[in-house]
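Undergrad: Take a look at the letters that make up each chain.
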Amino acid sequence: RKEVEQDPGPFNVPEGATVAFNCTYSNSASQSFFWYRQDCRKEPKLLMSVYSSGNEDGRFTAQLNRASQYISLLIRDSKLSDSATYLCVVSGGSNYKLTFGKGTLLTVNP
Amino acid sequence: DTEVTQTPKHLVMGMTNKKSLKCEQHMGHRAMYWYKQKAKKPPELMFVYSYEKLSINESVPSRFSPECPNSSLLNLHLHALQPEDSALYLCASSHTDAGPDYGYTFGSGTRLTVV
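Quick mapping for you: the protein sequence lines, in order, are chains A and B. So that you can map any letter, position 5 of the first sequence is 5 in my numbering, and since no number is skipped, the others follow by simple counting. So that you can map any letter, position 31 of the second sequence is 31 in my numbering, and since no number is skipped, the others follow by simple counting.
Chain B on its own, in the form it takes in the complex (with noise of 0.2 Å):
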């Protein structure tokens, strides 16, 4: 299995609900990290978990939320999102802690769009 799958693919909310996105990959990687990613801009990181921790949170607003449970699977839940974060959230897990060595595996994605 060489894939990293998040769900849902598409999601709409409202300004006053909470949802998470969850994202799953069973090949062994022990880093897995969110990105956020606005039409026509690269990726920007979000939160990196390594070996279950939260080692980087590049200044996040506490309105969106990640959890790791297992080495397998990351979350991330939102709550009182803003219009202006509708994007896609891209799930991405590497190999090993000593940096990608072989590159990210990204998942498909979910778009979401705050109403």
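Just chain A, same shape as in the assembly (with noise of 0.2 Å):
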């Protein structure tokens, strides 16, 4: 089983549609998580941490399983400039090392 599996999409939504990725991972020690957006060229850019009571920022909404080592992302109401990678990614143990999911594109399509 790989370290962090993700949807391996590409997802194409139109405009204002919902969209959930969904991603696992296998360290049961993993300690933090967080969602990663890599826009075409660019560097990954933080999206949001995720923790177990679940957080939200605007229309993006991040939950975390511990139990099922499971890590969801929605999106609500798509935009155009939402098009991007998403990057799911997890960190634990005693060093600093972070593992990158493959990623997951979508596309928003006018």
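These aren't lab readings, by the way, just hints derived from the structure by calculation. Idealized CB from N, CA, C, for every residue including glycine. Keep in mind that a hint or two might mislead.
Said to hold, decoys possible - Calculated cross-link-like contacts (lysine-lysine; reagent style DSS-like; alpha-carbon spacing at most 25 Å): (1) A:LYS97 - A:LYS42; (2) B:LYS22 - A:LYS42; (3) B:LYS38 - A:LYS97; (4) A:LYS45 - B:LYS40.
What the hints assert, rightly or not - Selected chain A positions facing chain B (Cβ under 8 Å, derived; list incomplete): (5) PHE34; (6) LYS42; (7) GLU43; (8) PRO44; (9) LEU46; (10) LEU87; (11) LEU98; (12) GLY101.
Join the two chains, each given in its own frame, into one complex according to the hints.
TA: Next comes the structure, spelled out in structure tokens:
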């Protein structure tokens, strides 16, 4: 089982749609969880940290289920500017290593 | 200042050249990282520095040599690279040695082409 697995995508959705990304991780000792977005030929940028209680930032909602080792990201009312690759990222244990999922490409169409 | 600054943004080098990539942050982060990213792949960790000491080397070939002169600077020295080393090289930093509680901040990267 890969350390971090994401929906393979790509996702193509119309503007205004709701889209959900799923991610699972294999290391139960993982402690920190994030969603990053990466635009084409740019660096990854932190979108949200993910907490067990769930967290929301505007149109974005992230959830963490530690028992199932599952992370999700929900985007409501998609905008054209949401088009990017979304990376599920996990860190844990005694080191600083971030483990990235392969990313899911989202294209929001007019 | 909430940025990680990388220079140069683009670099083309021959297989016999020696060059260096530079990274700088002034956020007081005490962990700094080098990642390598190939097209359509996620970033892969190369090195981690914690409090200016190398703490992780992900079995990176010796033609890549990291250096952390102080808490704000991180260099990656390149020598005798191969064409397959062409990639986007990302520097990142994070807050504490308890883990990246607030996520990493990435620089915009150096796009390296080895010819």
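Undergrad: Now tell me if each hint is right for this structure.
TA: Comparing the hints with the structure gives:
For a cut-off of 25 Å, the pair hint linking LYS97 of chain A to LYS42 of chain A stands: about 21 Å separates their Cα positions. Between LYS22 of chain B and LYS42 of chain A, the direct Cα distance comes to roughly 17 Å. Compliance with the 25 Å bound is thereby established for this hinted pair. Taking the CA atoms of LYS38 of chain B and LYS97 of chain A, the gap is about 18 Å. The hint holds against a cut of 25 Å. With a CA separation close to 16 Å, the supplied pair LYS45 of chain A and LYS40 of chain B stays within the 25 Å bound.
This hint holds: PHE34 of chain A has a C-beta 5 Å from the nearest C-beta of chain B, less than the 8 Å allowed. A least Cβ separation of about 7 Å between LYS42 of chain A and chain B falls short of the 8 Å threshold, and the interface hint therefore holds. At about 4 Å, the closest approach between the beta carbon of GLU43 of chain A and any beta carbon in chain B falls short of 8 Å, and the interface hint on this residue holds. The beta carbon of PRO44 of chain A is positioned within 8 Å of a beta carbon in chain B (closest approach about 5 Å), and the interface hint is therefore held.
Given hint, LEU46 of chain A at the interface with chain B, holds; its Cβ is 4 Å from that chain's nearest Cβ, closer than 8 Å. With 8 Å as the threshold, the beta carbon of LEU87 of chain A comes within range of chain B, its nearest partner Cβ sitting at about 6 Å, so the hint holds. At about 6 Å, the closest approach between the beta carbon of LEU98 of chain A and any beta carbon in chain B falls short of 8 Å, and the interface hint on this residue holds. Hint status for GLY101 of chain A: holds, given a least beta-carbon distance of 7 Å to chain B, under 8 Å.
The structure agrees with every numbered hint stated previously.
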